[in-house]
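Student: With chain U's structure known, arrange chain S on it following the hints.
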Amino acid sequence: MQHAALVGVLAGCGREEAVSPGSEHLVLRERVAGVDPIHISGLASGMAAVASNIYEPLFQYHYLKRPYEVVPCLAAEMPQWSADGLSCRIRLKGDARFDDNPCFPEGRGRPVTAADVIFSWKRIADPRNASAFWAHFEHHIIGLDEYRRALRENTPEPAVPGLHAVDAQTLEIRLTRPWPQLIQIFAHPATAVVPAEALQIYGADFLRHPVGTGPFRLRSWEPGTGVVLEKSPTFREEHYPTDGAPEDAAAGLLADSGKRLPQVDEVHFHVIETSEPAWLLFLQGRIDHLGVPTDHFDDVLDASWQLRPEWNQKGLCVDVFPSMFLRWIGFNMADPVIANNLPLRRAISLAMNRQEFNDLFLGGRCGLPGSLLPPGMKEHRPGLRDAWMTFDLERARAQRIEAEKIHGGAIPPLTLRMGGTSPLVRQIGQLITRWLAEAGLELHVDHVDERAMNSSMREHPASMFFGDGYSMVHPDPTDLFRRFVSHGDDATANIFHYQNPRFDESYESLAAMPDSPERIKLCHQMEDHLLQDLPCIGFLTYNWVSVRHDWLTSFKPHAFSGPAGLIKYHRVDGRRREQQSPP
Amino acid sequence: MKRFLIRRLLAVVPVLFGVLLLTFALSRLLPDDFASRLGGDYASQEMLADLRWAHGLDKPLFVAWDRLLSGNIAAAFDSQFIGHCRRLFTLDFGRSWSALRPVSHLLREGVGPSLAITVPVLLGSAAVSLLLGMLAAFVWRTRWDRWLLGACTLNMSIPGVALMLAAQYFVAFEWGWAPVHGWAGGRGLVLPVLLGIFIGLGADVRFCRVVLLKELHEDFMRTALAKGVGGWRLYAVHALRPAIGPLLAHWLPRLPLLLTGSLFLERIFGIPGLGGMMVDAISARDFPVVNAMTFIAAVLHLFGQTLADIISARFDPRIRLS
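Line by line, the protein sequences are chains U and S.
With my numbering applied, the first sequence corresponds to residues 118 to 700, in that order.
With my numbering applied, the second sequence corresponds to residues 107 to 428, in that order.
There may be inaccurate statements among the hints.
[To be verified] Listed next, the stretches of chain S that the computed footprint assigns to chain U, with coverage defined by at least 3 CB atoms under 8 Å from CB atoms of chain U:
1) 168 to 174
2) 277 to 288
3) 372 to 383
To be clear, the hints were calculated from the coordinates, so they are not data collected in a lab.
Treat the numbers as computed from the prediction; the structure is a model and nothing was measured.
Where is the CB? At the ideal position from N, CA and C, for every residue including glycine.
Here chain U stands alone, though its shape is the one from the complex (with noise of 0.2 Å):
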């Protein structure tokens, strides 16, 4: 059968050109103007998508086991500790190389350095290039303060003590305190490593002139439609892993153990912002993945979220799995009416009718959570069900008396701020004024741009808020807890203005504590604390529910890596793809 496959017409790409039948189509649902890893913003953009398959960190997490683990992807070993926990040795990978470009001496790539790893930090520190990731690097390693500093005052650039290579292939970091979440941090893509040829070379148009070390390289970028990537040639030897998660042999997904990675010949980036056009073109078979659009969640799965056969006998494989997301709603605790008030807190909590709102909102496709830590980490408790983090509306009620008893009266008014000012958005600020009306609690909404939130809960904070939620950047506590501390260099998070020297003190001793079981006892102590003073709500988890043609093989979603990080484990059965497309 001729099929497109082979000689197809990508959409997207303004002409017709010949695309390998091993070839991954993905959607993009934003534009992508370039890519350069210290400025990827969210896991899940399109410039995480293509950069994380162009350029590679020191390490990455594995792609089957569960909870998350680190594993060596440019480092040759993970990090070799000093006994204080204050530096720690990288050495490399001797046959990591950048790919060939015309940046390089007769366009050839060349081994990378400890100096490029060196290199490409500085450039997040660089005040200049704005990089929104210099937070998580911030205050960490002994003189990268200073030399941002020094750069952004235009003094002479300082060396940086922290930062040093002690051979061509070995990096030696110096902290200013323990940081045992560093291997988690550098797991980043954002963490990549660039080389300062192309940089020079290319100048502001790097973004379109990646040079990696990664699985693939830029084959074309057709501004505003697509990007397609190729195998990189020079990519060293990597293989598809042997082990992982125990339910992952059954699912078939260590058919391809050993196998060298890439396994898929190009990639297809195809830009579609609106969720219909990418659905037509996915059941078209021009698209080997993609998320269920919301206005079709209900024709393709069942209520025990199960494909229904006739999409099935298609040839299609449904994937859920739980995002690290929580939606939350928030109290600010500097308001005197929320903060002195438990049961009023608690009472918020129980007229929450969590599961009305997965219905009506969400086709019912979301959990509700019982904790505050998402599962997929190693601290997550499965059992743990918070008491007040259900609906109850007698006890609601009973609640909102005790309350009222502790106040002097019946409870003033509250503010909502919401983030957004959609109609969608109204609808739920509606729906949650009346789950507080019939707890007998009297519920302002008041809107601000969703990602305006932060600085409006910083500046003018309202008694409550129903923002973005919490998204995981890495899977360590710390990422959570950090959003409540009070004090210290870390406390740039905390909307909610909770103050606890208790809580603070933990995650002063949870940050510089490294891996062990009393590590992921103090987590557990610090995560009851949160439940028990209630500076937030649980409110939903989300699920991630995607589909996939079954010509793409060797797929795990992971939470992070984005849900198109990973290609290089991918398998793609052509010959499946031209017998089962539609012509």
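Tutor: This is chain S only, laid out in the frame that chain U set:
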């Protein structure tokens, strides 16, 4: 004519200055901190200050009065507003805050796809609506006129987006007559262009009909009829010529839409034009892009109006530019 053009050019200056002031005020005085937006949840106050510095947002808004009073004139006018004016007037629109590339590069990339849609849509809808408008005027007060008006009303009643989605599903997906999505050269443009022409047709046909009917009932038409002018010449020459003024006044101010007018078509059919870029920029508060697009749209609008006046005067002897 020269005096008219000079007067118009002089009038353009305060209008453009007003546009500059308005776009600047909107971008700087909104209660929204770009640095907090970019910095994310964990940004410290020091980092937020660095981000403002990197984007020039730490400079004084209009004038640094302390520097002015101390006699440092150059530093006093190193302000956000002066920079804003300089960038727009020199057509160096700065760097996009979200796409991180020079705005001029982004405009260059998007202008081709935008024009590929909007030029045929604008010309096509003008030609078709003029023809149908003339036809409607020709069959005035007959049942054909009523049918045509009914069709126009129906066309105006159907939401454009619904029509686009329906056409995409049936014409492209079900019947396979066009690509579902994508900038696949000429082939990918046919369906969006036809839709673009069709969607605005109802209102334009009704407008053309009304303008032509008005001219057909003027005294000079009776004169023409008395002189024995009839058939197509009556409509195409005697009625159309004086109607050119109002018709151009209707269409030429749409020139800015050449850049931004195909937003929904771009989004639904995957055309990488400037309309989608403008919406993305507004949503991301990417003010260098928003300001550049607004400035260019204002210039095009003024140009369109001036052109409409000149052409109207050229074809309609009742109009004098003085």
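Student: Could you run down the list of hints and mark each one as holding or not?
Tutor: Evaluated hints:
{"no.": "1", "hint": "168 to 174", "in the structure": "violated (count 0)"}
{"no.": "2", "hint": "277 to 288", "in the structure": "holds (count 6)"}
{"no.": "3", "hint": "372 to 383", "in the structure": "holds (count 8)"}
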